[in-house]
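Chains Y and C supply the protein sequences, listed in that same order. Here the first sequence is numbered in our numbering, starting from 3 and rising by one per residue. Here the second sequence is numbered in our numbering, starting from 313 and rising by one per residue.
Read the hints as simulated data drawn from the structure, not as lab findings. Careful: at least some of the hints might be erroneous.
[Stated by the list, open to error] In the EDC-like style, the derived pairs of lysine to aspartate or glutamate whose C-alpha atoms are separated by at most 20 angstroms in a straight line are:
1. Y:K45 - C:E385
2. Y:K45 - C:E371
3. Y:K108 - C:E538
4. Y:K69 - C:E365
5. C:K587 - C:E573
6. Y:K124 - Y:D13
7. Y:K69 - C:E573
8. C:K363 - C:D324
9. C:K346 - C:E538
10. C:K346 - C:E364
11. C:K381 - Y:D46
12. Y:K50 - C:D376
13. Y:K124 - C:E328
14. Y:K143 - C:D563
15. Y:K69 - C:E498
16. C:K582 - C:E452
17. Y:K57 - C:E365
18. Y:K100 - Y:E88
19. Y:K154 - C:D345
20. C:K548 - C:D580
None of these values were measured; they are calculated from a predicted model.
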Amino acid sequence: MSDKEFLDCRDKFFRWARSNWSFFDENDVEEVFLDAVSIYIEKDRQHKVNTDSYKYIIGVGYRKFHKLYEAKRKVVELKFDPPIDEDSYFRLKELLRKNLNKINEKCRALLIAKYFYRHSAKELMEEFGAASVGVIRQQQKRCRDRLRDFFKNEELEELGFL
Amino acid sequence: MESNHRNLDKLDRYFEGSLEDVEIQALNEHLKDKTFRKDALFFDLMVNTLKEEEEAQLEEMVRDVDADKINSEIRSEMAARLKKLQAQEVPKKREQSTPKEAKVRNLRPMRRVLAIAASLLVLVIAGTFWWNSRSYNPSELIRQNYYAADVPGTLSGGAVEDEVFQTALTAFAATKDLGVARAGFEQITPTNSKYGEAQYFLGQINLQEEKFEAAIRSYENALAAESLPNYLNQSKLNWNLLLARLGAGEDISSDLNRLIEEGNPPYDQKAENLKKRLK
């Protein structure tokens, strides 16, 4: 792992940790990062890693954070008023999960890179080989709209959401 | 029906994690709107489903890993490496911001070299002027095309609760202290009647400081505010928003075409000129 890759993994790990595990302070995040990167290096030397380094490191980090503080975990959510009924929310999520399989792999990867790993527009541009930040933004929008097309408003209404 | 693109962008930024606290408050207020609520629900489901899917894959990927079993030798090696790289990062950043000291040399033997260098410099400057007059440089184009801020007729006489706003406005318009102005405008929360105006001025500051993404957010907040005073020209605001989007790397050609088609002076002509420069 080159120094550049090492620092790149650190930046991506910290950004992901800040958005998902915000109650940890920077020192805790650094400790978990060092544990995770050490495991990655060991497994990589044993040729047991067949994915992007940062994903593997985040995977191990997720496991560690999860074990430590699942109860305190920050969940990204909006404050719906009136609140959304849990059963219906679950059913809609299942519906969306099925629709996720209908969009192409590139779109899915782009949405995950943006919303889960929090990659910046510039990083996404390089990762997905887009000509400019504007182009990658348009691609994101198209992918999102595609998913939205599968998820018709009527379904929301039928389930009594609106 | 779908919410307008500004609201969708705002949701997008919320789930990216780039909204400020005051903007999140405004967003939650906005959830009372039925159409917006529907879009917000879609975003919420999408992001949380993507998250769960990816987390399941990560779990699977590291299934065989014992996260507590760490090779202490490798860990020490990694800790030292991180420390070393972090130490290198700081001077590198400092180096970038500090101009290098010039070496002092005797000029006499270098007269000929200097003459050639001066000629080259003249050529470079002339070339730069020529190139700038015909090429696409977003920052330059924005500086040439943006509208300076509209300010109210008087900078004083506001109510006591608007003191922060007035101080910020004076700093912006009279003393030109953008730092003080920014700090003041950022304190104006969405519940304050001056919120839209404050966001407008933040948009102007961000645009001047070439913080284009932030300028977009501020202008959009201003447009989404319940009311804006009459002295603020919304067409100019929309024009500056368009320039901020250009600065952020967006393709604004369809917006320019629309302005040209609409034929409302001076925006049709300005759009035409900008379009030519962008080619």
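- Query: Does Y:E88 lie within 20 angstroms of Y:K100 when you go C-alpha to C-alpha?
  - Reply: Holds: Y:K100 and Y:E88 sit about 19 angstroms apart, inside 20 angstroms.
- With a cut-off of 20 angstroms on the C-alpha distance, tell me whether Y:K50 and C:D376 pass. Judged against 20 angstroms, a Cα distance of about 10 angstroms means the pair holds.
- Message: So if I understand the rule, the pair passes when the alpha-carbon distance is 20 angstroms or less; does C:K582 with C:E452 pass?
- Response: holds, 15 angstroms
- Query: When you check the alpha-carbon spacing of C:K346 and C:E538, does it fall within 20 angstroms?
  - Reply: Roughly 17 angstroms separates the two Cα atoms, so the pair holds.
- Task: With a cut-off of 20 angstroms on the C-alpha distance, tell me whether Y:K45 and C:E371 pass.
- Result: Holds, at roughly 16 angstroms.
- Message: Hinted pair, alpha-carbon criterion (20 angstroms max): Y:K69, C:E365. Please report holds or violated.
- Response: holds, 19 angstroms
- Message: Check whether the Cα positions of C:K346 and C:E364 lie no farther apart than 20 angstroms.
- Response: Given pair C:K346, C:E364 is violated - Cα atoms ~27 angstroms apart, limit 20 angstroms.
- Task: Given the hint that C:K363 pairs with C:D324, test it: the Cα-Cα distance must not exceed 20 angstroms.
- Result: Holds. C:K363 to C:D324 sits at ~15 angstroms (cutoff 20 angstroms).
- Task: Below or equal to 20 angstroms on CA atoms is what counts here, so check C:K548 against C:D580.
- Result: OK: C:K548 and C:D580 at ~13 angstroms, within 20 angstroms.
- Pair hint outcome, Y:K143 versus C:D563 [Cα-Cα no greater than 20 angstroms]: Within the cut-off at roughly 13 angstroms; holds.
- Query: Holds or violated: Y:K154 with C:D345, Cα cutoff 20 angstroms?
  - Reply: Within the cut-off at roughly 18 angstroms; holds.
- Item | Y:K124 paired with Y:D13 [C-alpha distance capped at 20 angstroms] | holds, 14 angstroms
Consistency note: the structure conflicts with the earlier hints numbered 3, 7, 10 and 15.
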